[in-house]
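There are 6 protein chains.
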Amino acid sequence: MTPTDDPMMEPRYQELATFMRAPFRPDLDGVDIALYGVPYDGGVTNRAGARHGPREIRNQSSMCRTINHASGINPFELCNVADVGDVRFSEVFDNAACNDSIEAFVRRILEAGAVPLAAGGDHSVTYPVFRAMASPAEPIGMVHIDAHCDTWGPFRGSKFHHGSPFRLAVEDGLLDPHRTIQIGIRGAQNWADGWEFSQRSGMRVMFIEEFDELGVEGVIAEARRIVGDGPTYVSFDVDGLDPVYAPGTGTPEVGGITTREALSLLRGLRGLNLIGGDVVEVAPPFDPSGNTALVGATLMYEILCLLAEARTA
Amino acid sequence: MTPTDDPMMEPRYQELATFMRAPFRPDLDGVDIALYGVPYDGGVTNRAGARHGPREIRNQSSMCRTINHASGINPFELCNVADVGDVRFSEVFDNAACNDSIEAFVRRILEAGAVPLAAGGDHSVTYPVFRAMASPAEPIGMVHIDAHCDTWGPFRGSKFHHGSPFRLAVEDGLLDPHRTIQIGIRGAQNWADGWEFSQRSGMRVMFIEEFDELGVEGVIAEARRIVGDGPTYVSFDVDGLDPVYAPGTGTPEVGGITTREALSLLRGLRGLNLIGGDVVEVAPPFDPSGNTALVGATLMYEILCLLAEARTA
Amino acid sequence: MTPTDDPMMEPRYQELATFMRAPFRPDLDGVDIALYGVPYDGGVTNRAGARHGPREIRNQSSMCRTINHASGINPFELCNVADVGDVRFSEVFDNAACNDSIEAFVRRILEAGAVPLAAGGDHSVTYPVFRAMASPAEPIGMVHIDAHCDTWGPFRGSKFHHGSPFRLAVEDGLLDPHRTIQIGIRGAQNWADGWEFSQRSGMRVMFIEEFDELGVEGVIAEARRIVGDGPTYVSFDVDGLDPVYAPGTGTPEVGGITTREALSLLRGLRGLNLIGGDVVEVAPPFDPSGNTALVGATLMYEILCLLAEARTA
Amino acid sequence: MTPTDDPMMEPRYQELATFMRAPFRPDLDGVDIALYGVPYDGGVTNRAGARHGPREIRNQSSMCRTINHASGINPFELCNVADVGDVRFSEVFDNAACNDSIEAFVRRILEAGAVPLAAGGDHSVTYPVFRAMASPAEPIGMVHIDAHCDTWGPFRGSKFHHGSPFRLAVEDGLLDPHRTIQIGIRGAQNWADGWEFSQRSGMRVMFIEEFDELGVEGVIAEARRIVGDGPTYVSFDVDGLDPVYAPGTGTPEVGGITTREALSLLRGLRGLNLIGGDVVEVAPPFDPSGNTALVGATLMYEILCLLAEARTA
Amino acid sequence: MTPTDDPMMEPRYQELATFMRAPFRPDLDGVDIALYGVPYDGGVTNRAGARHGPREIRNQSSMCRTINHASGINPFELCNVADVGDVRFSEVFDNAACNDSIEAFVRRILEAGAVPLAAGGDHSVTYPVFRAMASPAEPIGMVHIDAHCDTWGPFRGSKFHHGSPFRLAVEDGLLDPHRTIQIGIRGAQNWADGWEFSQRSGMRVMFIEEFDELGVEGVIAEARRIVGDGPTYVSFDVDGLDPVYAPGTGTPEVGGITTREALSLLRGLRGLNLIGGDVVEVAPPFDPSGNTALVGATLMYEILCLLAEARTA
Amino acid sequence: MTPTDDPMMEPRYQELATFMRAPFRPDLDGVDIALYGVPYDGGVTNRAGARHGPREIRNQSSMCRTINHASGINPFELCNVADVGDVRFSEVFDNAACNDSIEAFVRRILEAGAVPLAAGGDHSVTYPVFRAMASPAEPIGMVHIDAHCDTWGPFRGSKFHHGSPFRLAVEDGLLDPHRTIQIGIRGAQNWADGWEFSQRSGMRVMFIEEFDELGVEGVIAEARRIVGDGPTYVSFDVDGLDPVYAPGTGTPEVGGITTREALSLLRGLRGLNLIGGDVVEVAPPFDPSGNTALVGATLMYEILCLLAEARTA
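Residue numbers (the working numbering), protein chains in the order written: chain H, 1 to 313; chain X, 1 to 313; chain A, 1 to 313; chain C, 1 to 313; chain U, 1 to 313; chain D, 1 to 313.
Extracted from the complex, chain H is given alone in its bound form:
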């Protein structure tokens, strides 16, 4: 532990906060894995705040380091990892236009040959990400950790909200429901609409009770069985975790996954054909302690390890 010029080696409270102290490369030049922020919560139906997620995840992510203690992976050695900045929105009050901005931003990442890993933002942002990454000809699979299926219909006049992204993605042929697993689902609902859409479309819906019965190893096995070896996206909504781990979120549901389970679960996805991911619904105003964002950063780091290994496989 001698001092160096490498920001990774400096005291963690120092300098500008980029995602995991990675270099800032908005030009995407030579970037293998693009860490980006989507400061948008225009799709929430209850408590807003996720627009502040990327900023605070950047801040807390200075706590992250390089070598994964469990797998030994050092993603920063395997790949050129960079913070490529945030999606910019020109019409912030128009959900459809914001979706377009997100899609365009991700297209640019893909065109630069980089793998996208996002810090949300509410969960509605994953739908435009999919519009950039997939097509009916080449739909993708997904490992989705969440308390909610996010496959509900329009809400009060809009189809673009944080309860609908995966219904839209299936309807557009972007997401293959048969290669999709939803893990950690729970919480009462006023309609069974979303649960039913997920199941009817062919998704594997794993409620928290089944998660409990199978244990993490069983869940991993089932996830691997479902997504197979096709291209797969990892979407982690922090409300999949119990609210004690992630109080800073818009729609907390009591009785969720622990972080220890979540980290094991993510590590169980090694070797899959992973093509991108996101951590969403970190809403800092509801957690002044910063712990939710630290959890979010840690989850991003684990997904980064997966993506780095997948890219260099």
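Don't take every hint at face value.
Identical copies look the same in the list; a pair holds intra-copy or inter-copy alike.
As the list claims (entries may be wrong) - Result set (SDA-like, lysine to any residue): computed pairs, CA atoms no more than 20 angstroms apart in a straight line: (1) Lys159 - Glu10; (2) Lys159 - Pro11; (3) Lys159 - Trp191; (4) Lys159 - Gly72; (5) Lys159 - Met9; (6) Lys159 - Ala132; (7) Lys159 - Asn190.
Derived from the structure by calculation, the hints contain no laboratory data.
Given chain H, put chains X, A, C, U and D in place with the hints provided.
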């Protein structure tokens, strides 16, 4: 998800906060299950604050919805559920008089033919509830989740305090100790008095270590064995949970039950002859995040599902 | 202080929280002054959260009581004061539609013959209120306390945002700029646009430095001179206060008005022809202590006293 | 600043927290000024928590030091100052018995020849203090800073509550209303009862508006005129301050005294015949930042300077 | 529960806060087990704050009581337990000098024949404790719970920091690596240096993943196997726990041990030859709720039970 | 308010946080005014945390905008303003070495022809800044706002601490005490040492009581008289403010300057020969709300306006 006139379908931050957005029916007219508040903490021996519990549980309970994801029960369809208001106290500094006010309030609920489900208040409130619900001729059983047995003797000149309700109830012949199970007991004590009373009187005392060994399924089996098919009350003190789930309480004890375990445990009581319940010791001043009250509201919702099913069985 | 059936006389942590413990009268029947909530923050450009304002102002307003210690006014004796509920929004993601919902709600209040007093919500809500209350034939005047003029042009594709309500109102002929005073203005800006519109249109813009020089008595005199005896609305944005008094707001500006000054200023408006008012931009997620909402409730109470006296003058 | 064995000279986060790092002398031996705690809030009518006041004031008071920057007084050089511990209560649920415990504790201090300076506790504790310190033959005067007159009648069956101490003291002939000034009074009330009792009995009631007009120098002059040179007690309820300075209190009233004014006001009492004092209503659960207790400790220090000078005059 | 003169029997918010309400005996006279504080965080590499640990642990430890619910041990009956105060530092900015102060303080405890149990302070304090307790001739073993091995090399010019104590202790021959187990290790690192030193020197390093596989009973067995019956120290860094249990710490690592596991683990060490212990890295500024310090106090109480039993074995 | 590519025009929660959204120019190329951070609190004697100041001030400074509402100055138009990064420390535990690192960093800024404006860090950082900026041949003057004179002698073995910078600077001939004014001094002390050094050396010490008497205009006049037209530095310790405005600081002193006064005071320094400045002692861990850092950022913005005008005069 189209807008309606049903408050249950509206954005959750809207309008007056009633328990679970149920209609407010202080007249009890046609009510099957009466959700009520007991804003009283005159019986605490350490940190007060549970007097603010009902208000904050109402607030957070707007997050609750109707259809239970695990059991499919919709208590609002099965029964006429209402918020019937709070117990009013005329002599707020006199614990005996406050007990009388609680007893009278619950008698009125029972006379209206409704099942009572309370938001406390400190745990001393359950004793006057029992005075209204039971008699030596017809004692009741109890599933009691708590860190403390609450069967201690008088404290500094008063027998009415939050460490004594179940000793008083047994002594009065209202609670059948042989049909009582106390789950999650832990934390050092200065006297063994309460532990001993519980065991001597015939209660089944399950310390957290035994809970751990049996697992939730084992605990459920034991609880069902103890209470049998007689009339049974469910009393949930949130300090039975680990303090990370319920920091907003007066007497936190490190090393408690998780909410995931608690929800499974409650669901395991389906089919019992349940006649009422309470969630007590939510003390909002000790949890500015509101999460303790959200947990309290979620526990109330689960007990509500049980009571609704029991009533319509 | 003997107990009664009047909720105003009960312990303040008890029962449902209505605005100032006033009766809940969504039917508006016989209501003189209608306290209502506008749980909407779709117009904010930075930090959302004011959608939770009405709920938390109701909660904290239980601390309010009846007889004004300074003026002796008891608004609850002078008038029939009621909580008439919240504006309901059918299309929550469409700012224009939300404006329509607000306008319709206020029209209903006016048609019932009541005076409207709102708890916001962000400041964009005042424009649709004016659409209900005024017309080019009968424009109104305003005493406006705020850090910002809120007379800016369109923001990123929308004219409906919390920086524009009074520009829209002037452009529509609803607000008479010559009978408008803006008090407490401060904070750097990136464009002078709003400041210039206010001054060019004829509004009296009083920056905080002038406020300091004049003292509260001088400010009152100037406000009375400007609005004269025509119909006048009072709009209080809590960011007009210094952030220490109102940290729970979306756009805090350091160096603002104290609450002691604000209360004196409001009391100095007695005898004016006041026809309605609002307290806006209380964003509870940014103030877990609840003090911002307590301040908001206290400001509402003072405006209520003014409106009650004006109505019965 | 070289290290010494004097706790006053050590880092402030070190060792047990006594009031202002004074020696702990529960035996009162040789003590001139006795700093004591009254961990009791059995008299509050709304939010409890002041029972935790002495503990947290002790903690924050480690920030205090010895030489008053404004007056040059070093009370620790003038007098033997000690922390003499807390009042112990044998019947914690019985307000009359608790009053007796307080009276007995203060009598012991007086018999030891020491001057009492208390950290409350709610304001009801000052009445039993007066029972120990005064008699109808030798009533005392008071400088009382507070938002409330605390001269109200019985509340819900009890005359012992935090809104009544000075009415009881006047009725018992312990407090001379003609030598009593109440400063900073404000906040709406539901009855004028207390205001009227104060004024009718001959107290000088100074509402915050008059405070504002007179300025601190004028207030000091008036206070000195009222209490004259008879024996005088200083009672400081932190809710006399604006809630931003003292959010951790049971009954905050918006629009109060600043700490800068309060410190100047207290220093203006030099030379009076001061015989004791208290700082009450610090309720730490409502201020996790600790600032209210720091303010309380600072006020105690200023009163200590006054008492030390008075005793050695 | 009748009142007594025993502070242990008094309301817990009362009087000065000593560790677990034990008597304060800075003279060490007749003390069997010495509870002491080390208010020092000069060795942290990221977030300071542990200097405030002893004060806040004392405060929260008033919640502790005497009889262990699981083992029945009452350490206060077995031994003369006292709070012996804090290490005093004469040169607070010089890490080597501070280490000397700690060593001298512990030597004094040992010379008085007492067993030392510390509340840190950052983890660097354990190295000077070992200098007082061990020697190359008589090295000790250790059960070490932590997220980090704390066996790293010099950091930016200093070998004395909170990442190095056990490397220094091994290098000095004070700690026997073959009788050392490190439990709960996790979190990415920038160098493998510390992990490698631990393993190369012969320590048993148990990462959290292995902890998960073995279960608490398996971990206990392995710990007992490693330390055998030689003299053994217990060092508990609260960042070994998951951050939800101990957010108030300098280097939180997501995904740690639960308190329920930790308490079971500690109880599993009964019967070993335990000679001292510490609980370190409680940094109160990062947890305004006080829960981290309550957890720290509870861990100290469990270690106290072990030490009391060991001493009287 | 149409969207642009200028980060200043974007939503404020977006992208990396630099000081006031200024461009990041660690190479100093073409920079007129260099905003830099000093993440160091190795000199504090009580509560650490200011090492996190630059990070959080950057975060909150996104709330700042360009055109000063009071003076009309737009510093970003007048000068090339940049965030030039943080001082890097190679030996973080050695106060003398850290001072050298700070001095070297500021020398580099000066050599690049830029004016330095720092975000601390504790107040000890100003001494090495002066070593870079001044010499006995060319000492500088200072406007110093603070609760403490910071002219105390060595503390526990070190002369480098946050209570000594200006004594060291005077002793080295870097700071001209006759051209130095210290404003807002208050708070009890254990020695008069620092107060006496300041006065004996010729500094103008203005205690808060005199500040109150003179009023802001009087204070400005006196400050201008003292510093005259020689080169002058502005050093603002946020503990000069009352703790309600800046709770997030290491040594709060009750009864300080308001932000409204502070902003007026700073603006009163227009036209002086200002050559640099700093805002120090923002310690974010003690203010989870972020308001202290927002205040710090706002003070930096005001000083920036002064420096920009001075440079272009």
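How the hints compare with the structure:
no., hint, verdict
1, Lys159 - Glu10, "between (46 angstroms within a copy, 17 angstroms between copies)"
2, Lys159 - Pro11, "between (45 angstroms within a copy, 16 angstroms between copies)"
3, Lys159 - Trp191, "within (16 angstroms within a copy, 35 angstroms between copies)"
4, Lys159 - Gly72, "neither (43 angstroms within a copy, 26 angstroms between copies)"
5, Lys159 - Met9, "between (46 angstroms within a copy, 17 angstroms between copies)"
6, Lys159 - Ala132, "within (18 angstroms within a copy, 30 angstroms between copies)"
7, Lys159 - Asn190, "within (18 angstroms within a copy, 35 angstroms between copies)"
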